[in-house]
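Construct the complete structure from the given sequences, taking the supplied hints into account.
Here are the chains, one letter per residue:
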Amino acid sequence: MNSASLSLSRDDRPILIAALFILVILVAGTVYTFARFGSAPLLSPTYLLQQLQIGAFLGIVAAGMMIVILIAQIDLSVPWTLAAAAMMATSIGGPLAIPVGLGIGLLVGLVNGIGVAYLRVPSMIFTLGVNAVMRGLMVAHTGGYAPQTAATDLMRTLAADRTLGIPNALFVWAAVSVLVAVMLQRTALGRYIYAIGNKEAAAYLAGVDTRRVTVICFMICGVAAALAGVLLAGYSTKAYQGMGDAYLLPSIAAVVIGGTNILGGRGRYLGTLIGVVLIVLLNSVLSIMEMPEAGRQVIYGLVIIFMLLVYGRGERVTS
Amino acid sequence: MLDDVAIRVRQNVGIVTAVLLFAVLYVLYNLSHPKGFSSAVLVQNSDEIFALAMLAMAQTVPVLASGLDLSVGAVMTMVGCFASYLLTGTAAGAPLHLDIFGLHIGLGTFPGGVSGILLGIVVCLAIGALAGFINGCVVVYGRIQPIIATLATGAVYIGIALFLRPTPGGKIDEDLNWALTNSLGDFAATVHIFDDGAAGWFAPLAWIPVPFVLLILIALVVWVPFRRSVLGRAVYAVGSAEGAAYMSGLPIDRAKIAAFTLAGFFAGCGGLFLAIQTSSGNADIPQAGAYTLNSIASVVIGGTSLLGGTGSAIGSIFGAMILRVISFFFRIFDIAPLLQPLFEGVILLAAVSIGALGVLRVKNTLELFR
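So the sequences go chain by chain: A and B.
In this text, residue positions in the first sequence follow the working numbering: the first is 1211, and each later residue adds one.
In this text, residue positions in the second sequence follow the working numbering: the first is 125, and each later residue adds one.
In short, the hints are calculated from the structure, not lab data.
Just so it is clear, CB atoms sit at the ideal spot from N, CA and C, and this is done for glycine as well.
Some hints could be false.
The calculated lysine to any residue pairs, modelled on SDA-like cross-linking and capped at a C-alpha distance of 20 angstroms, are [unchecked claim]:
| id | chain 1 | residue 1 | chain 2 | residue 2 |
| --- | --- | --- | --- | --- |
| 1 | A | Lys1409 | A | Glu1525 |
| 2 | B | Lys295 | B | Thr214 |
| 3 | B | Lys295 | B | Leu220 |
| 4 | B | Lys487 | A | Val1418 |
| 5 | B | Lys295 | A | Val1418 |
| 6 | B | Lys487 | A | Glu1525 |
For the chain B half of the interface with chain A, some residues (derived, Cβ under 10 angstroms), not all of them [claimed, not checked]:
| id | residue |
| --- | --- |
| 7 | Leu194 |
| 8 | Arg267 |
| 9 | Ile271 |
| 10 | Thr277 |
| 11 | Ile342 |
| 12 | Tyr370 |
| 13 | Ala407 |
| 14 | Ile409 |
| 15 | Leu430 |
| 16 | Gly433 |
| 17 | Asp458 |
| 18 | Pro461 |
| 19 | Ser477 |
| 20 | Gly479 |
Quick look at which bits of chain B chain A covers, simulated, 3 or more residues with Cβ under 8 angstroms [unchecked claim]:
| id | stretch |
| --- | --- |
| 21 | 329–340 |
| 22 | 415–428 |
Below is the structure:
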């Protein structure tokens, strides 16, 4: 091992390697497009901004997912929390659309949190059940069809418009990122989150109300998914069935690629940010290459395994 | 003697509850079904249950070793797609070729006829077990958390399935479909044994559905011996305390690899049956995801702890059957299809929440944080 990686902390190494991998993707993609089309769209700011705008929705979901993973839980209810928030926001409409959408997220998070923290049901199964209930409620509400209601102007402005040439969705993502990063680094809640992820019993004995913190974490994750849903509805001008399905696994992958330990307690927000960018760029390079869905899935899986083999390996259990 | 029974019941309260719940639900279902308690209903039900029951067994083994396998649905789908090429049953055999990067590579002809079908079944199950073995190696030698490792390998397997069947299609031998998805009598008539199923001694058995027999066979021939083997015990030990298992000199690595390989094999069985049942291969991503999630739900309802170390694949079979019977009720009581997903979710949540009410009896809060 060289001196550069020795001087890096355990949490920084994944971030650096993931960032390097992003460069590799950019270079490889550019070489491909240059050889085939004689142009380099991947290096044009317009194209990159457009890709990042789509990535903002994933980024916001991943920010919430990271909080939950940090306390060694997982939230599988994200897909239909996202869809429910979008559907309710569009069907309420008017100035209340966004508050109602976010309220749905808070409510789902509260239910998840109570089930996981107070009933002690494993989050894997409880959030799965909540996801099924939300899906059921939305199917009953919409009749199984795409809702006819449209996103409000504010939702469209936030998600699809640009300010000074930069998509507004990126500003929202940046705001969420700053909030989450500051909360994790600079507040007592952030310290509690890492403590619970490392050992909940120890955190409890140290006087942390671990169950309340768990509920708060799930509410943060719920509201993040809801925000992504509201924005996505604004971006595509309406809500649709299954709009959240494409966000669950990529958000978990982004968090883990960014160096957050899936067992909780370790990981930096910057890593999640890099993880999201990596996945978004990988997706756009693959679509430039006109890679069929089969190849995408295979490459997607291999990249996750490769990244984790490089820096995500666990320690042997020997005692 | 009675004490002994009481202790055994207390130790297996999860599985006992699951069995009783299933028995009650299924009797109620048959009582309210116009053709209840008939072979036809039983055959239809076991056809619908088999694939999920297999996936539930598949999920149980890694969960017992406190690892989750998120690729079971993907392995099922991939094996089903392979089956739609290998089990066509045409007498001349099926020519295989590989189209990749614009190249057309012939791979020879897969034998046809009965021997071809038998070989095809073996190959399909081997592919499932191989997929599971790869999962195990990534988890053990790559030292990647099972949940994320299988998430990634699952994507690869789905990719292979999509490569094989970009659109649903293929064909499965009709006799094979008929023989395996009906009653033992139909099976005997199709493969021409026991006087085409007309033998006198065979008549009392003829009503039993084939999938039901297959389920019991797989459980008895594969699961029970595995559980009693050193590796099987090591799987339980790893799940309850990996450090202690290591200190006791148990073959931890081999146990984990065996757990995932067995999971792949069971998932392969499910995929093979699903392909035979639908007579086609279909790389359906949402379906794969739904099966994976339902397999986790079945495991929990069947009394296996997601923390590992306690439970049994038999319990998970009952968990899967409970999930399926609940959906059978929707047909009987004519519940609006739009409300069915809601009912499924509420019942799942209610089941796990009631199971969790034990926390109210915990006196020392520290005991909650395990």
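Earlier hints that do not hold, by number
5, 6, 11, 16, 17 and 21
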